[in-house]
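Line by line, the protein sequences are chains A and B. Quick note: the first sequence uses full-length UniProt numbering, first residue 1, plus one each step. Quick note: the second sequence uses full-length UniProt numbering, first residue 1, plus one each step.
None of these hints come from the bench; they were simulated from the model. Any given hint could turn out to be false.
Which copy? The list can't say, so a pair holds if one copy fits it or any two copies do.
Within a straight-line C-alpha distance of at most 20 Å, the following computed SDA-like cross-link-like pairs (lysine to any residue) qualify [stated by the list, open to error]: (1) K3 x F116; (2) K3 x A103; (3) K73 x P38; (4) K73 x T53; (5) K3 x H96; (6) K73 x I111; (7) K3 x S142; (8) K3 x R102; (9) K73 x Q49; (10) K3 x G34; (11) K73 x G51; (12) K73 x V93.
The structure displayed is predicted, hence computed values, not measured ones.
Listed below are the residues making up each chain.
Protein chains: 2
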Amino acid sequence: MTKIAGLDDQLCFALHAASRTMTNAYRAGLPEIGLTYPQFITLVALWEQDGTTVSELGARLHLDSGTLSPLLKRLAGMGLIERRREAADERRVSIHLTPEGRALESRAAAIQRDIFQGIDITDSEAEALLSLAHRFTAAAESTTQTSR
Amino acid sequence: MTKIAGLDDQLCFALHAASRTMTNAYRAGLPEIGLTYPQFITLVALWEQDGTTVSELGARLHLDSGTLSPLLKRLAGMGLIERRREAADERRVSIHLTPEGRALESRAAAIQRDIFQGIDITDSEAEALLSLAHRFTAAAESTTQTSR
DNA sequence: CGCAATTGAGTTGTGCGCAATGTACTTTGG
DNA sequence: CCAAAGTACATTGCGCACAACTCAATTGCG
Numbered sequence: 001m002t003k004i005a006g007l008d009d010q011l012c013f014a015l016h017a018a019s020r021t022m023t024n025a026y027r028a029g030l031p032e033i034g035l036t037y038p039q040f041i042t043l044v045a046l047w048e049q050d051g052t053t054v055s056e057l058g059a060r061l062h063l064d065s066g067t068l069s070p071l072l073k074r075l076a077g078m079g080l081i082e083r084r085r086e087a088a089d090e091r092r093v094s095i096h097l098t099p100e101g102r103a104l105e106s107r108a109a110a111i112q113r114d115i116f117q118g119i120d121i122t123d124s125e126a127e128a129l130l131s132l133a134h135r136f137t138a139a140a141e142s143t144t145q146t147s148r
Numbered sequence: 001m002t003k004i005a006g007l008d009d010q011l012c013f014a015l016h017a018a019s020r021t022m023t024n025a026y027r028a029g030l031p032e033i034g035l036t037y038p039q040f041i042t043l044v045a046l047w048e049q050d051g052t053t054v055s056e057l058g059a060r061l062h063l064d065s066g067t068l069s070p071l072l073k074r075l076a077g078m079g080l081i082e083r084r085r086e087a088a089d090e091r092r093v094s095i096h097l098t099p100e101g102r103a104l105e106s107r108a109a110a111i112q113r114d115i116f117q118g119i120d121i122t123d124s125e126a127e128a129l130l131s132l133a134h135r136f137t138a139a140a141e142s143t144t145q146t147s148r
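Could you build all of it, start to finish, from the sequences and the hints given here?
Here you go:
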């Protein structure tokens with residue numbers, strides 16, 4: 001057989017579509033606080049752990065400097081974070097939340113709650129999806145001989 | 001509570017990461033046939049049903065003309081598809097596979113098989129993930145009052 | 001010590017994704 | 001029959017994602 005399965009049977013397509021639909025759902029609330037989805041998720045990482053370097057942040061978000069540098073520049077421009085060149089190793093830049101950036105967490109949490117309340121999915125379904133998505137990511141990443 | 005859950009607990013982040021990791025996995029094989037992942041998935045839709053209009057294709061892929069127009073232009077430039085202005089309604093453009101585009105299906109199928117063989121995930125896990133991803137997409141889409 | 005290799009961040013170029021807008025064509029209502 | 005409304009596609013602008021590259025700082029090895 002040399003045929004390819006139809007669109008709906010493609011796992012890759014389903015993941016792609018789910019991800020974009022989700023980004024779309026966030027687009028309903030995040031603009032209120034002036035954020036895009038990737039900016040939001042970057043702040044989530046910082047709310048969890050502040051003061052990390054760009055590359056450390058990139059490792060957690062699975063993003064490289066080519067994506068993060070301009071994104072962080074925009075967040076700094078909004079006054080939500082600060083970029084500090086480190087004294088010990090001047091190649092490194094550490095990222096620090098400003099008071100404004102820290103203050104955004106509660107508003108973002110409220111927006112996120114609203115978004116998920118609107119989605120008709122059970123807790124157990126969400127949990128299963130979360131753990132399977134992690135499984136898939138881990139499995140797919142281990143095959144790709146990541147060079148970074 | 002005004003805090004936001006950690007990165008690993010974010011369903012949204014897990015979906016985002018899974019989708020990008022998967023795109024990355026395809027990046028290992030698709031360049032052989034000169035395609036990006038969205039171009040590949042567009043061809044999958046055409047292999048499934050040829051001769052549709054741009055908007056019909058967009059509905060199936062959940063993409064709008066702003067994304068599809070340049071993408072289709074690139075595919076046409078590679079000689080894989082043809083764009084025909086319809087006689088009956090000249091606003092419409094129908095998309096048709098060329099023999100070269102049709103011939104690509106078997107090669108693409110082989111590449112896809114290789115990619116999935118490298119991913120250590122069971123059939124039942126893949127099926128569960130597929131169906132949950134569909135569930136999520138449907139649930140999240142129904143809340144967003146989509147105007148298109 | 002001195003210089004080559006490595007590392008951390010940034011820049012550039014290409015393509016995707018989407019909102020907003022533009023343009024040509026078709027349908028509808030008077 | 002013609003003007004207004006609606007439709008199908010294209011274009012523009014912005015941000016994300018990633019590869020490839022540059023540059024400066026640091027590390028390591030002779």
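We went through each hint and held it up to the structure:
For a Cα distance limit of 20 Å, the shortest separation of K3 from F116 across copies, 15 Å, qualifies, whereas the shortest one inside one copy, 38 Å, does not. Proximity of K3 and A103 under a CA criterion of 20 Å is satisfied inter-copy only: 11 Å between copies versus 53 Å inside one chain copy. In this homomeric assembly, K73 and P38 come within 20 Å of each other (Cα to Cα) only inside a single copy, at 13 Å, whereas the closest approach across copies is 28 Å. For the identical chains of this complex, K73 and T53 are intra-copy neighbours only, at 14 Å inside a copy versus 41 Å across copies, given an alpha-carbon limit of 20 Å.
For a Cα distance limit of 20 Å, the shortest separation of K3 from H96 across copies, 18 Å, qualifies, whereas the shortest one inside one copy, 51 Å, does not. In this assembly of identical chains, K73 and I111 lie within 20 Å of each other by CA distance neither inside one copy nor across copies; the values are 24 Å within and 39 Å between. In this assembly of identical chains, K3 and S142 lie within 20 Å of each other by CA distance neither inside one copy nor across copies; the values are 27 Å within and 32 Å between. Taking identical chains as interchangeable, the C-alpha atoms of K3 and R102 lie at most 20 Å apart only when they sit on different chains, with a minimum of 10 Å there against 52 Å within one chain.
Within a single copy, K73 and Q49 get their C-alpha atoms as close as 19 Å, which meets the 20 Å cut-off; across copies the closest is 44 Å, which misses it. For the identical chains of this complex, K3 and G34 are inter-copy neighbours only, at 19 Å across copies versus 45 Å inside a copy, given an alpha-carbon limit of 20 Å. For the identical chains of this complex, K73 and G51 are intra-copy neighbours only, at 16 Å inside a copy versus 45 Å across copies, given an alpha-carbon limit of 20 Å. With identical chains, the CA atoms of K73 and V93 are at most 20 Å apart within one copy only, with a shortest distance of 12 Å there and 41 Å across copies.
Of the hints listed earlier, those the structure fails to meet are numbers 6, 7, in rising order.
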